[in-house]
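With these hints in hand, go ahead and build the complete structure from the sequences.
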Amino acid sequence: PLEPTTDVARALGERKNGAVLVTFGAEHGAEGLERKRAMLDSKNADLVVYNDVGRSDIGFETEENEVTIVTRTGDRHVAKAPKAAIAAAVLDEVERLLEERW
Numbered sequence: 384p385l386e387p388t389t390d391v392a393r394a395l396g397e398r399k400n401g402a403v404l405v406t407f408g409a410e411h412g413a414e415g416l417e418r419k420r421a422m423l424d425s426k427n428a429d430l431v432v433y434n435d436v437g438r439s440d441i442g443f444e445t446e447e448n449e450v451t452i453v454t455r456t457g458d459r460h461v462a463k464a465p466k467a468a469i470a471a472a473v474l475d476e477v478e479r480l481l482e483e484r485w
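When the sequence shown is numbered by my numbering, its final residue is 485 and no position is left out of the sequence of numbers.
One thing to keep in mind: the hints can contain errors.
Ranges between beta-carbon positions, derived for each pair [stated by the list, open to error]:
no.	residue 1	residue 2	range
1	484	443	29 to 35 Å
2	478	389	16 to 22 Å
3	398	446	35 to 41 Å
It is worth saying that the hints were derived from the structure and are not from the lab. The model shown is predicted, which means the values in this text are computed figures rather than measured ones. Glycine residues also receive a C-beta, built at the ideal position from the N, C-alpha and C atoms.
Structural data, given as structure tokens:
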């Protein structure tokens, strides 16, 4: 049987002290994307990377992915690309958020 555990993302969001909190979420479809947008508030996240796992050509057990980067200023779709390119896009967004704070 499963037992509830501490919500690590929420705990980090409560004490991030100026850090940029990036969370990730794998879900299906538009409803999943809406739940990821809600994480900005519920987890006090700065950026959520949404991975639609309803597709077999991206994500787990593949060399490529396609994500939506969700921030408080809007969403940025990152087209299908090698995972290293997806990671670079996420880091670019983190850098942009850090620059806004300075």
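Structure-based check of all given hints:
With their beta carbons about 33 Å apart, residue 484 and residue 443 fall inside the hinted range of 29 to 35 Å. The given range of 16 to 22 Å is broken by residue 478 and residue 389, whose C-beta atoms sit roughly 29 Å from each other. A hinted range of 35 to 41 Å for the beta carbons of residue 398 and residue 446 is consistent with their spacing of about 36 Å.
Of the numbered hints stated above, the single one contradicted by the structure is hint 2.
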